[in-house]
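*Asks:* In the working numbering, the protein residues as written are 12 to 415.
Check before you lean on any hint, since a few could be wrong.
Here are the simulated distance ranges between beta carbons [said to hold, decoys possible]: (1) Gly139 - Arg107: 42 to 50 Å; (2) Ala61 - Arg186: 26 to 34 Å; (3) Leu407 - Arg216: 43 to 51 Å; (4) Thr181 - Thr405: 43 to 51 Å; (5) Gly113 - Gly20: 34 to 42 Å; (6) Arg401 - Pro238: 32 to 40 Å; (7) Glu208 - Leu280: 38 to 46 Å; (8) Glu359 - Pro238: 20 to 28 Å; (9) Ala61 - Asp323: 28 to 36 Å; (10) Arg186 - Asp323: 16 to 24 Å; (11) Arg107 - Arg216: 27 to 35 Å; (12) His325 - Ala64: 43 to 51 Å.
Derived DSS-like pairs (lysine-lysine); straight-line CA-CA distance at most 25 Å [said to hold, decoys possible]: (13) Lys96 - Lys159; (14) Lys96 - Lys161; (15) Lys159 - Lys383; (16) Lys137 - Lys383.
Derived by calculation from the structure, the hints in this document are not laboratory data. Just so you know, these numbers come straight off a predicted model, no measurement behind them. Using N, Cα and C, we set each Cβ at its ideal position, and we do this for glycine too.
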Amino acid sequence: MRQTWRWFGPKDLVSIDDMLQAGVEGVVTALHHIPTGEVWQSAEIAQRQAALAVMSDGAPSGLAWEVVESLPVSEDIKRQTGDWKRHVENWKTSMRHLAAAGIEVICYNFMPILDWTRTDLSYRLKNGATCMRYDAIDFAAFDLFILKRKGVADDYTPEVTEAARARLATMSDARRQELTGNVVFGLPGAAERMSLEDVKDHLARYDAITPERLRRHLVDFLAEVTPLAEELGMRLCCHPDDPPFPLLGLPRIMSTEADYMAVMDAVDLRANGITLCTGSLGARADNDLPGMMSRLGSRVHFLHLRNVALEDDHLGGSFHEAAHLEGNTDMVAMIAAILAEEARRRAEGRADWRIPFRPDHGQDILDDQSRKAQPGYPAIGRLKGLAELRGIATALSHPLVAGA
Numbered sequence: 012m013r014q015t016w017r018w019f020g021p022k023d024l025v026s027i028d029d030m031l032q033a034g035v036e037g038v039v040t041a042l043h044h045i046p047t048g049e050v051w052q053s054a055e056i057a058q059r060q061a062a063l064a065v066m067s068d069g070a071p072s073g074l075a076w077e078v079v080e081s082l083p084v085s086e087d088i089k090r091q092t093g094d095w096k097r098h099v100e101n102w103k104t105s106m107r108h109l110a111a112a113g114i115e116v117i118c119y120n121f122m123p124i125l126d127w128t129r130t131d132l133s134y135r136l137k138n139g140a141t142c143m144r145y146d147a148i149d150f151a152a153f154d155l156f157i158l159k160r161k162g163v164a165d166d167y168t169p170e171v172t173e174a175a176r177a178r179l180a181t182m183s184d185a186r187r188q189e190l191t192g193n194v195v196f197g198l199p200g201a202a203e204r205m206s207l208e209d210v211k212d213h214l215a216r217y218d219a220i221t222p223e224r225l226r227r228h229l230v231d232f233l234a235e236v237t238p239l240a241e242e243l244g245m246r247l248c249c250h251p252d253d254p255p256f257p258l259l260g261l262p263r264i265m266s267t268e269a270d271y272m273a274v275m276d277a278v279d280l281r282a283n284g285i286t287l288c289t290g291s292l293g294a295r296a297d298n299d300l301p302g303m304m305s306r307l308g309s310r311v312h313f314l315h316l317r318n319v320a321l322e323d324d325h326l327g328g329s330f331h332e333a334a335h336l337e338g339n340t341d342m343v344a345m346i347a348a349i350l351a352e353e354a355r356r357r358a359e360g361r362a363d364w365r366i367p368f369r370p371d372h373g374q375d376i377l378d379d380q381s382r383k384a385q386p387g388y389p390a391i392g393r394l395k396g397l398a399e400l401r402g403i404a405t406a407l408s409h410p411l412v413a414g415a
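Produce the complete structure using the sequences and hints provided.
*Replies:* Laid out in structure tokens, this is it:
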């Protein structure tokens with residue numbers, strides 16, 4: 012298991028020095044400043060590589076850009092509208108530039124509009140740590156009574172609607188604004204603070220797109236880019252829906268093992284693979300994550316290891332982001348499955364036998380709470396998670412355990 016760390020670039024409040032002190036071996040990053048659909052030029056890629064190659068005092072960091080997260084797929088590609096064909100060609104050109112720079116793994120997602128959705132970005136736990144949380148009733152209150160989305164009433168039971176109405180009545184104006192901002196935070200362009208009308212406009216563009224149609228569009232996209240990835244020696248890995256159930260009337264097509272199997276069977280090339288995110292997929296109790304790793308492991312090209320605590324026993328219920336060894340995912344069983352897959356690859360002689368992973372998200376603890384880094388990406392919370400994950404992998408790899 013190769014230990015990596017997501018870095019948002021020179022403006023990230025978690026520095027290269029911080030990463031090194033955490034024991035990181037490689038870097039996961041992206042050129043977030045380049046507009047979606049445009050080409051990632053070689054000079055821009057080289058500039059990012061140079062930035063992460065040095066520490067704050069100018070000394071070499073020894074770190075390299077190993078995984079792209081994410082090379083964004085435009086909404087035009089997802090809908091097959093507007094400039095989608097040009098955007099596909101630009102994506103392929105960006106792939107060529109990344110491959111020429113020595114980068115082999117590209118993580119992407121095919122979620123309509125939303126990159127992820129939470130109702131709280133700093134939910135306080137009993138021990139004083141804060142984390143991201145999805146509250147199903149808060150979200151319904153936003154959808155039903157703040158956004159007032161077209162057709163929204165059909166998506167909720169009368170019981171949930173009444174609970175949401177009662178919840179809204181307890182919210183201050185400040186909390187309503189905060190809730191709106193938290194939900195919108197996962198939308199493209201959210202840095203420019205979108206209005207509710209902007210959100211409705213985004214949603215309206217998906218009115219005619221069913222899950223079946225969206226899956227066809229993903230397969231069409233992969234049929235274009237995966238053969239090139241094979242030619243370039245690259246690996247593409249689709250991130251799951253976050254959370255893995257329908258929201259805002261939008262189709263969800265990467266939420267279960269069956270979803271991944273359908274897409275991998277449709278474009279049956281090794282380069283067409285998976286970002287197995289235990290946090291996103293773990294928000295569904297019916298997803299068997301160690302089993303998915305065992306059954307689909309040959310196509311897992313990247314791992315996000317984090318945990319969530321489910322607060323309800325039904326699909327679409329509330330959850331919060333737990334510490335890495337807490338929550339509903341058995342992380343010991345998960346890492347055992349990862350190590351077994353790596354052993355299989357090594358025996359087969361695969362050069363990519365060591366799978367890159369990163370400690371995904373993390374609770375804000377200690378000095379994280381004053382640093383105010385990107386939501387979900389604190390320094391100390393992730394360091395703690397990485398240390399715990401590293402400890403499990405080290406213990407399971409010990410001869411006394413591995414030979415037991």
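*Asks:* Give a verdict on every hint.
*Replies:* Going through the hints against the structure:
1. Gly139 - Arg107: 42 to 50 Å: holds (48 Å)
2. Ala61 - Arg186: 26 to 34 Å: Hint violated: Cβ distance 44 Å, outside 26 to 34 Å.
3. Leu407 - Arg216: 43 to 51 Å: For Arg216 against Leu407, whose Cβ atoms are near 47 Å apart, the range 43 to 51 Å holds.
4. Thr181 - Thr405: 43 to 51 Å: holds (47 Å)
5. Gly113 - Gly20: 34 to 42 Å: Cβ of Gly113 to Cβ of Gly20: about 19 Å, so the range 34 to 42 Å is violated.
6. Arg401 - Pro238: 32 to 40 Å: For Arg401 and Pro238 the Cβ distance comes to about 36 Å; the hint holds.
7. Glu208 - Leu280: 38 to 46 Å: Since the Cβ atoms of Glu208 and Leu280 sit about 42 Å apart, the hinted range of 38 to 46 Å holds.
8. Glu359 - Pro238: 20 to 28 Å: holds (22 Å)
9. Ala61 - Asp323: 28 to 36 Å: violated (47 Å)
10. Arg186 - Asp323: 16 to 24 Å: holds (21 Å)
11. Arg107 - Arg216: 27 to 35 Å: holds (30 Å)
12. His325 - Ala64: 43 to 51 Å: holds (48 Å)
13. Lys96 - Lys159: It is violated: about 34 Å lies between the C-alpha atoms, which goes past 25 Å.
14. Lys96 - Lys161: violated (30 Å)
15. Lys159 - Lys383: It is violated: about 32 Å lies between the C-alpha atoms, which goes past 25 Å.
16. Lys137 - Lys383: holds (20 Å)
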